Amino acid sequence: MKKAIIVGGSNGIGMAIALQLNGYDRIVIIDREMPDDRLRNKVCVEYEQFDLNSNDFSLFDKHNDADMLMITAGIGRLALFEDTTEEMIATCMQINATATMRIIKRFYNRLTDKKPFMCGVMVSIAGFMSSPFFSVYGASKAALKIFIESVNVELTKKGTVNRILNVSPGSIKGTKFSGGENDISATADLASEIISRLEAHNDLFIPQYEEIFKGVLQRYHEDFRAEGMHSYEYKVKSGRVKG
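Take 829 as the starting number for the sequence shown in our numbering and just add one per residue.
Keep in mind the hints are simulated off the structure, nothing from the lab. Misleading hints may appear alongside valid ones.
Stated by the list, open to error - Okay, derived cross-link-like pairs now, SDA-like style, lysine to any residue, Cα gap no bigger than 25 Å in a straight line:
#1 933 / 990
#2 1063 / 999
#3 933 / 999
#4 942 / 919
#5 943 / 983
Said to hold, decoys possible - Label pairs and their computed distance ranges (CB to CB):
#6 876 / 944: 37 to 45 Å
#7 912 / 886: 29 to 37 Å
#8 876 / 907: 30 to 38 Å
Please read all numbers here as calculations on a predicted model, not as lab measurements. Quick reminder that beta carbons are idealized off the backbone N, C-alpha and C, glycines included.
Work out the full structure, taking the sequences as your base and the hints as a guide.
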């Protein structure tokens, strides 16, 4: 029996991945919220409630027989650091970074196994550069980026083909992350590409890299201060925030 675990799969890109997965006997959605109706109508989908703010992650131990682990849960909102509470700092780092590390720790023996095991994490392009109005969110994603890169070196040295896939997009349409709604038509293609990259045991996937982010990252590395200012002004001009 093939089994997939999707943490944060009730909505957004996690939901789209669950709907795109084929050939699995069990797809276990682990999330704080109940899955979307479209998921509950899929026969092989199960749901287990879990809050990533929890101190006890032993729930994941019973799923150590999974063939795939995809972590898509995350939180963040556009705000200046001066408007970010200490509670929000702790919550953002816990949900976006620490919880992911703790979950992967419980599946580490599967990653080092000779048997193929697919593992992926939704990170963010914000983890690759300064992102004003996203300082804490970006810091949490930067922590994940370095964590994934470091563990993947360890896995290479272990001689396994298994890798952790870092999926680092920019803004994704069709999710609830920025106050939108689930729109499968907007997320299906990305979900399908993520699954393909997981199956190929890739370690990094930046959607729209050639079209957008190759140039952005180059400008950032050439002058991170100037690109940071450009990012600040772009967010203000977009109308999403006030400078």
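Checked hints:
1. Taking the CA atoms of residue 933 and residue 990, the gap is near 14 Å; set against the 25 Å cutoff, the hint holds.
2. A threshold of 25 Å between alpha carbons decides the hint, and for residue 1063 with residue 999 the separation of about 12 Å falls inside it, so the pair holds.
3. Restraint check for residue 933 and residue 999: the C-alpha separation of about 28 Å exceeds 25 Å, so the hint is violated.
4. For the given pair, residue 942 sits about 36 Å from residue 919 by alpha-carbon distance, which is inconsistent with the 25 Å threshold.
5. Taking the CA atoms of residue 943 and residue 983, the gap is about 13 Å. The hint holds against a cut of 25 Å.
6. A hinted range of 37 to 45 Å for the beta carbons of residue 876 and residue 944 is inconsistent with their spacing of about 24 Å.
7. A hinted range of 29 to 37 Å for the beta carbons of residue 912 and residue 886 is consistent with their spacing of about 31 Å.
8. For the pair residue 876 and residue 907, the supplied restraint of 30 to 38 Å holds, since their beta-carbon distance comes to about 31 Å.
Going through the hint list in order, the structure does not satisfy hints 3, 4, 6.
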